[in-house]
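Engineer: Sequence:
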Amino acid sequence: VNVNGAFNVTKAALSHLRASDDDPSVTNVSSILAHTGAPIECHYAASKGGLISLTRSHAADFAPGIRVNAVAPGDIETGMTADRDPEANAEQLAAIPVGRFGQPADVADAIAYLRDATFVTGETLNVNGGEEMR
Numbered sequence: 012v013n014v015n016g017a018f019n020v021t022k023a024a025l026s027h028l029r030a031s032d033d034d035p036s037v038t039n040v041s042s043i044l045a046h047t048g049a050p051i052e053c054h055y056a057a058s059k060g061g062l063i064s065l066t067r068s069h070a071a072d073f074a075p076g077i078r079v080n081a082v083a084p085g086d087i088e089t090g091m092t093a094d095r096d097p098e099a100n101a102e103q104l105a106a107i108p109v110g111r112f113g114q115p116a117d118v119a120d121a122i123a124y125l126r127d128a129t130f131v132t133g134e135t136l137n138v139n140g141g142e143e144m145r
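In short: position in the sequence shown from 1, add 11, done, that's my numbering.
What the hints contain is simulated information worked out from the structure, not anything from laboratory work.
Please read all numbers here as calculations on a predicted model, not as lab measurements.
Check before you lean on any hint, since a few could be wrong.
Straight-line alpha carbon distances no greater than 20 angstroms define the calculated SDA-like cross-link-like pairs of lysine to any residue that follow [said to hold, decoys possible]:
{"no.": "1", "residue 1": "22", "residue 2": "58"}
{"no.": "2", "residue 1": "22", "residue 2": "33"}
{"no.": "3", "residue 1": "22", "residue 2": "73"}
{"no.": "4", "residue 1": "22", "residue 2": "32"}
{"no.": "5", "residue 1": "22", "residue 2": "76"}
{"no.": "6", "residue 1": "22", "residue 2": "12"}
{"no.": "7", "residue 1": "22", "residue 2": "34"}
{"no.": "8", "residue 1": "22", "residue 2": "64"}
{"no.": "9", "residue 1": "22", "residue 2": "67"}
{"no.": "10", "residue 1": "22", "residue 2": "65"}
{"no.": "11", "residue 1": "22", "residue 2": "35"}
{"no.": "12", "residue 1": "22", "residue 2": "111"}
{"no.": "13", "residue 1": "22", "residue 2": "70"}
{"no.": "14", "residue 1": "22", "residue 2": "68"}
{"no.": "15", "residue 1": "22", "residue 2": "48"}
{"no.": "16", "residue 1": "22", "residue 2": "100"}
{"no.": "17", "residue 1": "22", "residue 2": "97"}
{"no.": "18", "residue 1": "22", "residue 2": "71"}
{"no.": "19", "residue 1": "22", "residue 2": "56"}
{"no.": "20", "residue 1": "22", "residue 2": "93"}
{"no.": "21", "residue 1": "22", "residue 2": "104"}
{"no.": "22", "residue 1": "22", "residue 2": "61"}
{"no.": "23", "residue 1": "22", "residue 2": "40"}
{"no.": "24", "residue 1": "22", "residue 2": "126"}
Model the full structure from these sequences, guided by the hints.
Structural biologist: Right under this line is the structure:
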């Protein structure tokens with residue numbers, strides 16, 4: 012789903028993007044795990060890494076008319092993380108230099124930045140509070 016979904020949606024939207032006069036762009040959502048890997052979640056980490064590669068390839072293929080970038084969120088507080096063990100939560104939080112978990116709005120702000128950053132393409136913006144600096 013992570014790579015094929017992005018590929019298929021972009022392919023379906025491509026004619027509309029090319030016809031747009033509004034500086035069209037695509038922003039894919041990868042993950043911090045694309046950079047770090049993940050025990051037991053290798054399939055997820057690998058697919059998110061593939062999404063970064065797809066982002067770079069599409070950026071080259073669709074230039075100059077369409078910019079393509081990605082965001083790679085770190086630990087974002089969502090319903091999926093709400094029931095995490097408090098001890099594991101504290102350990103995870105200690106690994107984040109900014110001292111807090113990310114919020115969905117942090118990811119949305121990064122996507123909005125990439126939408127408006129007209130000289131940025133083929134890049135992955137890490138949104139992880141410094142947990143993984145690349």
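Engineer: Tell me, which hint numbers fail for this structure?
Structural biologist: 12, 15, 16, 17, 19, 20, 21
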